[in-house]
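J.: Residue numbering for the sequence shown follows the numbering used here, starting at 1 and increasing by one per position.
Derived from the structure by calculation, the hints contain no laboratory data. None of the hints are false.
In silico DSSO-like links for lysine-lysine, alpha-carbon gap of 27 Å or less:
| hint | residue 1 | residue 2 |
| --- | --- | --- |
| 1 | K441 | K585 |
| 2 | K441 | K228 |
| 3 | K551 | K585 |
| 4 | K583 | K106 |
| 5 | K301 | K377 |
| 6 | K98 | K441 |
| 7 | K583 | K98 |
| 8 | K103 | K585 |
| 9 | K88 | K98 |
| 10 | K413 | K342 |
| 11 | K413 | K344 |
| 12 | K585 | K92 |
| 13 | K134 | K159 |
| 14 | K103 | K583 |
Distance windows between CB atoms, simulated:
| hint | residue 1 | residue 2 | range |
| --- | --- | --- | --- |
| 15 | A196 | G340 | 26 to 36 Å |
| 16 | K228 | T495 | 33 to 43 Å |
| 17 | K140 | E496 | 53 to 63 Å |
| 18 | N299 | T495 | 39 to 49 Å |
| 19 | D394 | N229 | 16 to 26 Å |
Just so you know, even glycine gets a beta-carbon here, dropped at the ideal spot from N, CA and C.
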Amino acid sequence: MHLLLPERSQTPLNDEQHRSLQQFMAALSPEQAAWVGGYLTGLAANNLTSAPSADDIADITILVGSQTGNSDALAEQMHRLAVGRGLKTVIKKMGDYKLPQLKAEKNLLVIVSTYGEGEPPDNARELVEYLFSKRAPSLKQVQFAVLGLGDSGYEFFCKTGVDFDRRLEALGATRIHPRVDCDVDYESSAEAWMDAVLNELSMRLDIKPQAADLSLPSVASVSTYSRKNPFPAVLLENIVLNGRGSIKETHHLELSLEGSGLTYEPGDVLGVYPSNAPDVIDALLQTLHCGGTEWIMLNGKDGFLYDALFSHYEITAITRPMVQKYALLANNRKLDQLLGDKHKLNDYLRGREIIDLVTDFPVEHLSPQAFVDCLRKLPPRLYSIASSLKQHPDEVHITVAAVRYHSHGRNRKGVGSTFLAERIDEDGTISVYIDHNTNFKLPVDPATPIIMIGPGTGIAPFRAFVEEREAVGATGKNWLFFGDQHFQTDFLYQTEWQRYLKNGVLTRMNVAFSRDQEQKIYVQHLMAEHGKELYAWLQEGTHLYVCGDEKRMAHDVHQALLRIVAAEIGSDNAQDYLANLQKAKRYQRDVY
1 MHLLLPERSQ
11 TPLNDEQHRS
21 LQQFMAALSP
31 EQAAWVGGYL
41 TGLAANNLTS
51 APSADDIADI
61 TILVGSQTGN
71 SDALAEQMHR
81 LAVGRGLKTV
91 IKKMGDYKLP
101 QLKAEKNLLV
111 IVSTYGEGEP
121 PDNARELVEY
131 LFSKRAPSLK
141 QVQFAVLGLG
151 DSGYEFFCKT
161 GVDFDRRLEA
171 LGATRIHPRV
181 DCDVDYESSA
191 EAWMDAVLNE
201 LSMRLDIKPQ
211 AADLSLPSVA
221 SVSTYSRKNP
231 FPAVLLENIV
241 LNGRGSIKET
251 HHLELSLEGS
261 GLTYEPGDVL
271 GVYPSNAPDV
281 IDALLQTLHC
291 GGTEWIMLNG
301 KDGFLYDALF
311 SHYEITAITR
321 PMVQKYALLA
331 NNRKLDQLLG
341 DKHKLNDYLR
351 GREIIDLVTD
361 FPVEHLSPQA
371 FVDCLRKLPP
381 RLYSIASSLK
391 QHPDEVHITV
401 AAVRYHSHGR
411 NRKGVGSTFL
421 AERIDEDGTI
431 SVYIDHNTNF
441 KLPVDPATPI
451 IMIGPGTGIA
461 PFRAFVEERE
471 AVGATGKNWL
481 FFGDQHFQTD
491 FLYQTEWQRY
501 LKNGVLTRMN
511 VAFSRDQEQK
521 IYVQHLMAEH
531 GKELYAWLQE
541 GTHLYVCGDE
551 KRMAHDVHQA
561 LLRIVAAEIG
571 SDNAQDYLAN
581 LQKAKRYQRD
591 VY
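Work out the full structure, taking the sequences as your base and the hints as a guide.
T.: Written out as structure tokens, the structure reads:
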């Protein structure tokens with residue numbers, strides 16, 4: 001009997017184990033091989049459902065769910081702080097967490113993000129489903145606290161954190177400390193929560209609290225620059241990627257990291273601190289009947305109103321907390337009614353900015369201090385890194401689409417994108433930091449094939465992926481799906497892709513230009529067209545990556561994958577197939 005075993009590169013076995021397995025299987029009859037297969041399957045299932053070992057349990061478990069890496073970084077910071085206080089902690093990522101372990105926990109600290117319209121991180125979905133299922137156990141022995149991360153610009157702000165907090169309580173767990181919901185400027189709120197929770201646990205576990213450095217950097221860090229202390233990167237290049245006649249404006253920016261000590265890997269993100277556009281500030285000041293030279297208190301110090309609006313406060317996007325604060329000043333019945341009707345408020349916020357709120361609901365004798373107290377801190381903008389450090393030492397590249405549109409009688413523009421596109425001259429500096437995304441990474445084995453799906457600026461991380469694969473001499477196949485509006489004007493990085501196809505680094509590339517024919521064609525249509533081949537690649541152990549818009553593109557791509565898999569193994573099994581790919585980190589998404 002001849003049994004076809006996976007290649008060595010496609011297994012976690014070392015060379016000796018692989019040879020032994022080949023020799024053992026070659027000597028078996030068909031009946032013996034079937035029995036061994038069934039035995040190993042049952043053994044694996046038993047290991048998955050068995051109770052956790054004592055080594056898996058610490059006094060405190062930090063359970064983390066992260067989409068882009070912020071929650072991971074906070075979990076590591078909390079672990080270091082706990083160790084400094086003499087507390088025994090272990091970090092568990094939700095995607096790797098053994099579900100039966102939940103009922104064995106003692107002190108459970110949940111740090112979890114929410115992205116888009118109330119969605120949990122991809123690696124948290126299975127745990128969320130389990131918690132809200134009939135299989136969820138009683139957790140009366142568990143003490144817990146929840147830290148949620150989110151963006152108050154979205155309707156379902158920190159929904160995943162709220163869900164965890166309420167469900168753990170419903171299952172009988174006891175809350176150690178009230179949940180804290182963190183906005184995009186999360187550092188101070190998160191650190192205050194950590195300090196309070198660790199103080200409470202120190203008392204409950206009878207461990208005397210010690211002074212702790214809340215800003216303690218990672219041991220692995222080799223740079224003094226971070227989100228709190230960004231690096232002034234010099235702009236080396238700013239190139240428009242679209243051709244003449246395109247309605248799009250996509251910029252390729254190259255920044256110098258020389259002297260920063262900052263490092264990154266493909267899949268990581270560049271944080272950029274922008275400033276607000278002078279014309280936007282002037283229009284808002286005029287609406288407020290202010291000149292900009294008024295004094296306000298900012299971080300305990302006096303400063304000019306204009307300076308605060310320029311670099312410290314978010315002055316465009318309206319958030320619900322901002323409207324609620326402003327409504328207390330306005331004392332306006334129509335605004336109060338708007339706040340009380342979720343659907344009408346959603347309609348109002350769509351396409352409007354803070355200047356519209358001030359215009360539509362003016363406040364007589366509004367003090368500059370009272371106004372800025374309604375605003376949130378201007379958050380950094382995050383961009384997928386489009387370069388490999390191995391190919392571009394001391395540099396980082398990003399791909400940015402300049403956002404400009406007209407709504408409700410006003411011209412609008414994206415804060416970060418137009419800051420980068422039009423307000424930084426070459427040799428000017430931009431405050432940046434690296435955000436490490438552990439959930440969007442190339443396979444460890446360079447022989448593993450990959451499929452990349454990234455229309456528009458979603459192509460950025462895949463430029464980094466392919467550069468990295470070329471630099472390390474990876475032998476795995478690379479398949480890229482790209483889409484945009486027009487072939488002639490919107491084929492981003494076209495000459496680079498042609499070179500990679502020619503030299504064999506890129507195995508194949510399929511492109512969809514939606515406006516070049518009467519019927520629009522998108523990347524998901526190309527996937528369906530090549531569904532059998534795509535599924536065959538997945539069966540070979542391929543890792544699949546998706547980058548881009550979460551609401552439409554990523555959703556449509558996921559549905560296309562479901563249909564492709566369903567056509568091969570049936571619709572009843574397709575969901576589990578993709579869920580298993582995600583759990584094995586073979587289906588990763590960088591979506592926004």
